[in-house]
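Novice: For this one, chain L is given, so just place chain S on it according to the hints.
Keeping their order, the protein sequence lines are chains L and S. Just so we're aligned, residue 1 is where the first sequence starts under this note's numbering, counting upward by one. Just so we're aligned, residue 1 is where the second sequence starts under this note's numbering, counting upward by one.
Just so you know, the hints here were simulated from the structure itself, not pulled from any lab data. Some hints here could point you the wrong way.
Unchecked claim - These stretches of chain S come out as covered by chain L in the derived footprint (C-beta under 8 Å, 3 or more residues):
#1 20-31
#2 43-55
#3 60-72
#4 113-122
Predicted model, so just to flag it, every value in this text is computed and none were measured. Glycine included, each C-beta is placed from N, C-alpha and C at the ideal position.
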Amino acid sequence: MSAAFDEQVGDYVLGMLDGAELAAFEVALERDPELAGRVEALRGRMQALDDTVVPAPVPSALWGRIEAELQPAAVAVARRAPLRQQSWLLAASIVIAAGIGFVAGQQFGQPPRPVVIAVLVSDDAIPGAIVEAFANNSVHIVPLEAFDVPSGKVLEVWTKPNEEIGPVSLGRFARSEEIVLDGATLPLPQAGQLYEITLEDAPGSPTGKPTGPILVKGLARSPI
Amino acid sequence: MSDIGPALSPETLLARIARAERAALAALFESEAGRLLAIARRIVRRSDLAEEVVQETFVAIWQRAGQFDPARGSARGWLTTMVRNRALNLLRDGGRLEFHDITTLEAMQGREQDAVLAFQTLPDKEGLKHCLGQLDEPKRRAVLLTYVVGMSNGEVAERLDVPLGTAKSWIRRGIAALQECLR
Numbered sequence: 001m002s003a004a005f006d007e008q009v010g011d012y013v014l015g016m017l018d019g020a021e022l023a024a025f026e027v028a029l030e031r032d033p034e035l036a037g038r039v040e041a042l043r044g045r046m047q048a049l050d051d052t053v054v055p056a057p058v059p060s061a062l063w064g065r066i067e068a069e070l071q072p073a074a075v076a077v078a079r080r081a082p083l084r085q086q087s088w089l090l091a092a093s094i095v096i097a098a099g100i101g102f103v104a105g106q107q108f109g110q111p112p113r114p115v116v117i118a119v120l121v122s123d124d125a126i127p128g129a130i131v132e133a134f135a136n137n138s139v140h141i142v143p144l145e146a147f148d149v150p151s152g153k154v155l156e157v158w159t160k161p162n163e164e165i166g167p168v169s170l171g172r173f174a175r176s177e178e179i180v181l182d183g184a185t186l187p188l189p190q191a192g193q194l195y196e197i198t199l200e201d202a203p204g205s206p207t208g209k210p211t212g213p214i215l216v217k218g219l220a221r222s223p224i
Numbered sequence: 001m002s003d004i005g006p007a008l009s010p011e012t013l014l015a016r017i018a019r020a021e022r023a024a025l026a027a028l029f030e031s032e033a034g035r036l037l038a039i040a041r042r043i044v045r046r047s048d049l050a051e052e053v054v055q056e057t058f059v060a061i062w063q064r065a066g067q068f069d070p071a072r073g074s075a076r077g078w079l080t081t082m083v084r085n086r087a088l089n090l091l092r093d094g095g096r097l098e099f100h101d102i103t104t105l106e107a108m109q110g111r112e113q114d115a116v117l118a119f120q121t122l123p124d125k126e127g128l129k130h131c132l133g134q135l136d137e138p139k140r141r142a143v144l145l146t147y148v149v150g151m152s153n154g155e156v157a158e159r160l161d162v163p164l165g166t167a168k169s170w171i172r173r174g175i176a177a178l179q180e181c182l183r
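So that you can see chain L by itself, here it is in the shape it has in the complex (with noise of 0.2 Å):
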């Protein structure tokens, strides 16, 4: 375990990382299991705090608007479960075999390799999307979560080149499918630059900044 998301994990049960050093811990949580212990210890103790609440009134219309909510197609969801504890893996076989779709097949019109690739992971650390960058600025965005896009919003894919540069927008799409997008004219992509999807209203966000709930985001990576 690396000493310096050690001295992170108090920072992390905290809620005080976000941004890159976020998404940078939250990717070593998921292949070091002594750190995700760490976290998991003091997250437990801590949680004493939050059991202190008086339990709140809980409105009779609360359950039916969750019932609403849930897809028929969660069953399949969670018939998978067993797999998908091993997310990661799961995530980077997907990683490998888009790498070989694309070098095979070019279906999709880009340049054969990806200069970065990003897994997108959720609050709860599930891989939710892959992003893969091309040198022509275009985007490649493959859903690995059916992502709830209620009407009138729409889910919009933003990256940080650098602090001075800050989020800018690649794109938006309606719903959770394989897409590519035309990007933004920015730097080539690098190793460790910040992906993230969020949740807009239509047509997008209207200050050009990130502004709903962050659903997913991850730091790129290069292709071996």
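Specialist: Okay, now just chain S, sitting in the frame of chain L:
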């Protein structure tokens, strides 16, 4: 919902939810929603937003119950983490929360009261209470304000009337000393 009684542990319920048993999700909601709502409320400060957080969490539980690994922690802890993460994201990333909602003097005082009350309400036998008690007062407050109600470093600095760097260093040193004490 016939065969699912209140006696089942959250661990058992999660295993059933992973097999797409809706009644198990309903039973988990029955036993946990009130606690989770209150935890979210401490952070987002508004009942409607807390409900939204809990709603999202239960939909996520339905989709991801199979991800829960009992070897890594308790089921209730897993739920708490899911709610905290969503509530903190709403607080930090949202253009959703109107700024004045949570930064008025009154709201800041309410948040501080909640944070201090959480510490005082910890059972005496709880090791965390002892360890928090060992910290000097400003560090303890800084850690509690950050963890319990999700104040940003800047808000903690303002609340404790110290420069940002000092607040950060108190929080970092506070949590480090806590980890040491809890070992």
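Novice: Under 8 Å between beta-carbons, do enough residues of the stretch 60-72 of chain S, three at least, approach chain L for the coverage claim to hold?
Specialist: holds (count 9)
Novice: With a Cβ-Cβ cutoff of 8 Å, does the stretch 43-55 of chain S contain at least three residues near chain L?
Specialist: Since three or more residues must qualify, the claim that chain L covers the stretch 43-55 of chain S holds, with 5 doing so at under 8 Å.
Novice: Three residues minimum, CB to CB under 8 Å: does the stretch 20-31 of chain S make the cut for coverage by chain L? Let me know.
Specialist: holds (count 5)
Novice: Is the coverage entry for the stretch 113-122 of chain S by chain L consistent with the three-residue Cβ rule at 8 Å?
Specialist: Holds, because 5 residues of the stretch 113-122 of chain S bring their Cβ atoms closer than 8 Å to Cβ atoms of chain L.
Comparing the model with each numbered hint stated earlier shows that all of them hold.
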